[in-house]
Structure formats: C-alpha cells, structure tokens
Amino acid sequence: MGIVSAQCAHFDVPIRLKSGEMLPQFDLVYETYGTLNAERSNAVLVCHALSGTHHVAGKYAETDKYPGWWDNLVGPGKPLDTNKFFVIGVNNLGGCHGSSGPSSMNPATGKPWGATFPVVTVEDWVQSQALLLDHLGIQQLAAVIGGSLGGMQALEWTIAFPQRVRHALVIASAPNLTAQNMAFNEVARQAIITDPEFYGGDYYSHDTVPRRGLRIARMLGHITYLSDDVMGEKFGRKLKDGIKYSFDVEFEMESYLRYQGDKFAGEFDANTYLRMTRALDYYDPASAFDGRLSAALKSAKAKFLVLSFTSDWRFSPERSKEIVQALLDNELNVSYAEVTAAHGHDAFLMPDKHYHDILRAYLHGIEV
Amino acid sequence: MQYNVNNTNKMPIFRQDFAIIASWVPFSGKVLDLGCGDGALLKFLRDSMEARGYGVEKDDRNWLSCLKNGINVLQMDLEAGLSGFDDQSFDTVILSQTLQAMHHTEDIVQEMLRVGKEAIVTFPNFGYWLNRLQIAVGGHMPVSDDLPYQWYDTPNVHLCTIQDFDNFCENHRIQILERKVITRGNEVHALANLRGALAMYRLKAG
Numbered sequence: 034m035g036i037v038s039a040q041c042a043h044f045d046v047p048i049r050l051k052s053g054e055m056l057p058q059f060d061l062v063y064e065t066y067g068t069l070n071a072e073r074s075n076a077v078l079v080c081h082a083l084s085g086t087h088h089v090a091g092k093y094a095e096t097d098k099y100p101g102w103w104d105n106l107v108g109p110g111k112p113l114d115t116n117k118f119f120v121i122g123v124n125n126l127g128g129c130h131g132s133s134g135p136s137s138m139n140p141a142t143g144k145p146w147g148a149t150f151p152v153v154t155v156e157d158w159v160q161s162q163a164l165l166l167d168h169l170g171i172q173q174l175a176a177v178i179g180g181s182l183g184g185m186q187a188l189e190w191t192i193a194f195p196q197r198v199r200h201a202l203v204i205a206s207a208p209n210l211t212a213q214n215m216a217f218n219e220v221a222r223q224a225i226i227t228d229p230e231f232y233g234g235d236y237y238s239h240d241t242v243p244r245r246g247l248r249i250a251r252m253l254g255h256i257t258y259l260s261d262d263v264m265g266e267k268f269g270r271k272l273k274d275g276i277k278y279s280f281d282v283e284f285e286m287e288s289y290l291r292y293q294g295d296k297f298a299g300e301f302d303a304n305t306y307l308r309m310t311r312a313l314d315y316y317d318p319a320s321a322f323d324g325r326l327s328a329a330l331k332s333a334k335a336k337f338l339v340l341s342f343t344s345d346w347r348f349s350p351e352r353s354k355e356i357v358q359a360l361l362d363n364e365l366n367v368s369y370a371e372v373t374a375a376h377g378h379d380a381f382l383m384p385d386k387h388y389h390d391i392l393r394a395y396l397h398g399i400e401v
Numbered sequence: 007m008q009y010n011v012n013n014t015n016k017m018p019i020f021r022q023d024f025a026i027i028a029s030w031v032p033f034s035g036k037v038l039d040l041g042c043g044d045g046a047l048l049k050f051l052r053d054s055m056e057a058r059g060y061g062v063e064k065d066d067r068n069w070l071s072c073l074k075n076g077i078n079v080l081q082m083d084l085e086a087g088l089s090g091f092d093d094q095s096f097d098t099v100i101l102s103q104t105l106q107a108m109h110h111t112e113d114i115v116q117e118m119l120r121v122g123k124e125a126i127v128t129f130p131n132f133g134y135w136l137n138r139l140q141i142a143v144g145g146h147m148p149v150s151d152d153l154p155y156q157w158y159d160t161p162n163v164h165l166c167t168i169q170d171f172d173n174f175c176e177n178h179r180i181q182i183l184e185r186k187v188i189t190r191g192n193e194v195h196a197l198a199n200l201r202g203a204l205a206m207y208r209l210k211a212g
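As given, the protein sequences belong to chains A and B, one line each in that order.
For the first sequence, this note's numbering assigns the number 34 to the initial residue and increments by one for each residue that follows.
For the second sequence, this note's numbering assigns the number 7 to the initial residue and increments by one for each residue that follows.
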C-alpha cells in the first residue's frame, strides 16, 4: 500500500446516541486507500474490532515497524484490491486513536472527557460512519467488511441503512454475545476498574494510567482469541530457562502473554477498552423483535458473505450460522463458509490461503 | 461431493440431465441444490430459468468454484440434515448425482421432501448393462464415465439400481411424478434398468 496518512473529519452537528445522550460535536479520524471512481460506486468500508484503528493498511513512514492491522488484505493486487476499490478505514467513536473518545479533549471543558464520555454502541458507530460517508460524498457502499466486533458493524449497516450498502462481509462474528463471551468482557473490565490507578476513569488528571488492569484485560483477551491447539503448537509447555520454583516468567506462554499485555497497556486507553467491550455486550439487533433475528433483518437488502473459522470458540461457527439462518429466512443472497483454521478467533486476521481466496473471489465478483 | 464435476471454464457442454432438471423446475422458482459441486447446475438454472436459491457444498474447492460462479453457496454437511431450512420453503430441492455418496440416504430424501414442495434425485444406475457386464464378465467393480472411481477410493457408499429406487419410493410412500433415464445424453424408454446409465426422478411426498 505504500505510505499513507490519516485525515480527520470534524462534525459540528450533534449526534444522538442510543443511550439517549447527545454528543454536540465530534471528530472521526479515517484513512482511505485507492481512488473513488467517478460514479462513487466503489467504496468499501472496513470496520475495526475491539482494539483496531483507522490505520488498516500501509505505513506512515518507511521506518514504521508494522503496517496497518489488515495490511495483508488491503492493497493493490490484494484480495481487497485498491486498484478497484476505494477503501475507507475509520476509528470508531469512543476510540483512542484520534476520533472523539474518553482520552480526547472535551471542547466544553478543555479537559479530556474521561469518564464523562458517553457509552457508545455498534448502532452509534454505524450512524457516525454514515455521516462520514456523507462527508466524503458517498451515497452507497459497494461493500462493508468487518471481523468480530467489526462484523457486527457490517451486519448493522445492512439493517440501519439497507439502501446504502450492496454487500456485507461478516467474518468471525455473531448476532450477539453469549453469556460466556460477555463474562470475559466483565473480567477484563473489572481488572481495569479495580486498578487503584483507574480513579473512576479520570486517571488523566492524575497523570497516570491503569496499566495493570489494562494489561490483565489484554492477557485474558489473547487467551480467548487463540485456540488450545495453536497455543500448544506455539508454546506448549516450553520453558524459557528451566523451572525456578518462582512466580516469574518461566513458561514461554507467560512470556508471550506478558509481552502482549505490556505492549497493549502502553498504547491503548483503558476507558476506550471499557466502551469497546460494552458495545460488544450490548449489540443484539434481535432484542427489539422478541429475539427474532429474522425479523431484525427484514429490512436488509444487501448480499452477504458470512465466514467463520473452525477453531474459533469465542465467535463460534454456530453463531455465524444463526446469522445465515436469519438471512435465509428473508430469502436474501448469502454464501457461507466455515474455514478450516487453527488460529481460533485470530484467524480472521491471518493470511490463510483458502480464506483469502474466498475474499478475493467474492470481492472480485462485486460490480462497481 | 458431486463426482461429475463439470469444468465451466471450458466451452459450455450441453448436458441433457441439466436440461431435464430445468424442465422440472418452475420458472423463477426457489431451488436448493444439495451437493452442488462447482455450482454449474444452479448457474444453468439461474441463466435458463431465472431460478433463485442456494447450493449446499461441503468441499472447500467446490465451494470456492460456486462462489466464482456467482451462486449462493452454503458450506454445510448434508449428513447433518437440513434443519436450517423450513418446511416447504423451496419449490424444488435437488440432489444431483450425490445420493450414492450419502450415508443417511433415507434421512436426506425425507428431508428433501419436507423442505421442498418437490424433489429431484438423480443417480448413476448401477443396473446399467455395462456395469453388470464388468462385474459378470470382467469380475471387477464397474468403472465408467458415470462411475469413475476404483472400489478403494470411491466416495460412493450407496449405489443402487432403478429398480431399487422404485422400491425405495414405494416403501417410503414417496410419489414419483416423473422418471427419466438417459444414456450418453439420449433418453432411454424401454428396458430402462438395463439400458439406462443415469436415472432421474421427480418426487413429491406421498
């Protein structure tokens, strides 16, 4: 993708959130790749998951250690081909990478929003993303694509704006979280909230961050994103330097989790983490229809590609099949594959050949 | 799952069995094709009959071919049944040259008739004289265009003859609305169980 740069769109119109709260104004940081065609018919929105950002592909500078988080998918000649599509990545509201969120400045007070930033939902994100499309002069998306929490946004797009999206690629996702899945989120939040340096969410004014809580939250997350098999393969019971009869890092797995936890705690905002997990918990489009997902999707018109991964236990294939079932009930166009993969939930970010062949074939078939 | 995979990238080959199936499917009907292979049949039905619907295919490579053919394809294991599909939700449910590879033959046929207003089943007739000859004279399991496998690598577990399937339908109170038998693209009328290579049935719950 080469060198890319982020842009910021400022919205002076108030947005009414699902919670009933109003955001009087807000910023959305985004990146685009490829060129919007004259008909403005080739736009693809990439929705990010829990810890993702608007930086989907490319690097900001040659010296960047890593490219964007879905760089293996997006670029010239890649499955989501930027020679064909105009690809948009956006940092969601409540995020911590430039869009309005708890760590950004509240214009009314001149201080970070902190705990006062509202709890945002998948529905709010989709509403704000639609405003970004208005800003970019795009009436209709050729496609919306996302994995996990990003897949929920893709699904919500087809419900909230059936006329504005032609294709939805819903990957490793679910129509809502199970109690077990929400339970992981609750443990993660408790780790953060009970960290003495959390200060009720106003740690910014105390010049500190709840690192320990965020670190544990991330470690827990990582366990659930991997499969037992892949952890066994990656680390097994391997020791770094023999058994020491201590509680220091002895097993390779511990070293990995601590590294991931530390890295994350150094770059992610705890208040954002709380809100992202809450958005996951709350999303349940069927709840307004007595739990009938088919009824929730009645207005949808998009064509769907739904993908799941065999070893994904956090967003299992069964959950994807519930989405497929609801689409079948509405006689919508849908293809569904259960991709054989060892990497658990993380598989949706991996460049597995069959998985990418599927995405390439589907995206190739989209007319722009 | 379907063994007779038609390479749709080549020149389109006229397939008599496709034409017969098309004549049994209502115009712009809703069709479910079980074990749909590379999706050639559904594509044909879409292009010739404006059929809507879905294919079901387990194999990764075939599944991907379906996607490239632009048809809706669901990766599911037919042996698990069709529980995701509502009663009578399709005009026609098709099982084209897949019956013989199914373990739960009775279940799938019953499921087809539950989900579809009608069902179409086609299979290679094991009673075809060339097959009989290979066993009787050659002393080995038949190998042909319709049965291209050796005994040790065949996915076919429930091969049957036209007579067997007629009995099956009678015993299971399944109505045979129409039956056609073809050999090398030509319809066979007399001595079908001996002279027919491919059997095609249009069925309805009795």
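Read the hints as simulated data drawn from the structure, not as lab findings.
Check the hints yourself; a few may be wrong.
Unchecked claim - The list that follows gives simulated cross-link-like pairs (lysine-lysine, DSBU-like), each with its CA atoms no further than 30 Å apart:
{"#": "1", "chain 1": "A", "residue 1": "LYS144", "chain 2": "A", "residue 2": "LYS117"}
{"#": "2", "chain 1": "A", "residue 1": "LYS354", "chain 2": "B", "residue 2": "LYS74"}
{"#": "3", "chain 1": "B", "residue 1": "LYS123", "chain 2": "A", "residue 2": "LYS111"}
{"#": "4", "chain 1": "B", "residue 1": "LYS36", "chain 2": "A", "residue 2": "LYS354"}
{"#": "5", "chain 1": "B", "residue 1": "LYS123", "chain 2": "B", "residue 2": "LYS64"}
We went through each hint and held it up to the structure:
With a C-alpha separation of about 43 Å, the suggested pair A:LYS144 and A:LYS117 falls outside the 30 Å cut-off, and the hint is violated. As the CA atoms of A:LYS354 and B:LYS74 are separated by approximately 21 Å, the hinted pair is consistent with the 30 Å bound. A threshold of 30 Å between alpha carbons decides the hint, and for B:LYS123 with A:LYS111 the separation of about 43 Å lies outside it, so the pair is violated. Only pairs whose Cα atoms come within 30 Å are accepted, and B:LYS36 paired with A:LYS354 is accepted, the gap being roughly 21 Å.
Under the criterion of a C-alpha separation no larger than 30 Å, the hint pairing B:LYS123 with B:LYS64 is consistent with the structure, at around 24 Å.
Comparing the model with each earlier hint shows violations of hints 1 and 3; every other hint is respected.
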